[in-house]
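Using the sequences and the hints given, assemble the complete structure.
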Amino acid sequence: MSVCIEFKDVSYAYPLTNKAAVKHLNCKLESGKCYGIIGPNAGGKTTFCNLMRGLCPKFYGGILKGDVIVNGKSTREWEDEELSIQIGYVFQDPFAQVSGIKETVFEEIGMGLENLGVETEEMIQRILEISKMVNVESLLQKNPLALSGGQCQRVAFASVLALNSDIIVIDEPTSQLDPSSTNDVFEIISALKNQGKTVIIAEHKIDLLAEYCDEIIAMAEGRIIAQGDTREVLANPILREKGVRIPQTVSLAINMEKEGIPLRNIPINKKEAIELLKEREV
Numbered sequence: 257m258s259v260c261i262e263f264k265d266v267s268y269a270y271p272l273t274n275k276a277a278v279k280h281l282n283c284k285l286e287s288g289k290c291y292g293i294i295g296p297n298a299g300g301k302t303t304f305c306n307l308m309r310g311l312c313p314k315f316y317g318g319i320l321k322g323d324v325i326v327n328g329k330s331t332r333e334w335e336d337e338e339l340s341i342q343i344g345y346v347f348q349d350p351f352a353q354v355s356g357i358k359e360t361v362f363e364e365i366g367m368g369l370e371n372l373g374v375e376t377e378e379m380i381q382r383i384l385e386i387s388k389m390v391n392v393e394s395l396l397q398k399n400p401l402a403l404s405g406g407q408c409q410r411v412a413f414a415s416v417l418a419l420n421s422d423i424i425v426i427d428e429p430t431s432q433l434d435p436s437s438t439n440d441v442f443e444i445i446s447a448l449k450n451q452g453k454t455v456i457i458a459e460h461k462i463d464l465l466a467e468y469c470d471e472i473i474a475m476a477e478g479r480i481i482a483q484g485d486t487r488e489v490l491a492n493p494i495l496r497e498k499g500v501r502i503p504q505t506v507s508l509a510i511n512m513e514k515e516g517i518p519l520r521n522i523p524i525n526k527k528e529a530i531e532l533l534k535e536r537e538v
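Position one of the sequence shown corresponds to residue 257 (our numbering), numbered consecutively onward.
It should be emphasised that the hints constitute simulated quantities derived from the structure, not laboratory data.
Source: prediction; values computed, not measured.
A virtual CB, placed ideally from N, CA and C, is assigned to each residue, including glycine.
Among the hints, erroneous ones may be present.
[Stated by the list, open to error] With beta-carbon atoms standing in for the labels, derived distance ranges:
1) Ser355 with Ile380: 15 to 23 Å
2) Phe315 with Glu497: 33 to 41 Å
3) Glu375 with Val259: 27 to 35 Å
4) Met367 with Gln451: 20 to 28 Å
5) Ser394 with Phe351: 13 to 21 Å
Structure representation (structure tokens):
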């Protein structure tokens, strides 16, 4: 697979602070894979996402060292409108993504397409398709400012997906959602992956990331402490040492091994854990 995003010794500090939010980040993300970004609060996950989208330092200011390469070109060189087409970004706060100038959800979802000059017929078709995909069809004639947090999260998701970017960055997509809606979001993420999209998710629900992601990037104190295959990273002892949450199934396996029970692998989801327990007759 080709590399679509690369961090080259990236450090970044927000304005009015002497402390870097992220330090010496080096990693490559391949096209068509689903990546989970994990770590404790203030570990650098959101800044990592903002750097990919070029918001640091173009929007937030601050000092950037190193380089973030998106599809072969530095974020410093991309025009903002061009980069917004390359990377769709769902913000952690969905209300921050609502424009505030559109009277209906239909118009809100289509605003990005309108700005890109997409023809009306194609725009309407895309809005209707995406609305069905993220289950906001019943909201299309409502005012975006009158939505609940969960509804607003879905609309923000739809607005980004309508642009049909090859790379989708999602910061805490389930923060405003109930368990049922959370599962729906991850089904959408699975569908995007099946379409060949590159999906990058910063999320605290580690059990879901374990199930859906090809690779995990673990962060703590502004640094990448582990990266690679999902199973290998989630079983890495450094995550516990740095206070990074791990799936309950991994904790179970670690405790079993401490009790002297050998395991053929570390289960990263409930299905694998059940199979493992049956094998061990625990």
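Evaluated hints:
1. The given range of 15 to 23 Å is respected by Ser355 and Ile380, whose C-beta atoms sit roughly 19 Å from each other.
2. Separation of Phe315 from Glu497 is about 34 Å and conforms to the stated range, judged on CB atoms against 33 to 41 Å.
3. Separation of Glu375 from Val259 is about 33 Å and conforms to the stated range, judged on CB atoms against 27 to 35 Å.
4. Distance hint for Met367 and Gln451: a CB-CB separation of about 23 Å, consistent with the stated range 20 to 28 Å.
5. Between Ser394 and Phe351 the C-beta distance comes to about 20 Å, which sits within the given range of 13 to 21 Å.
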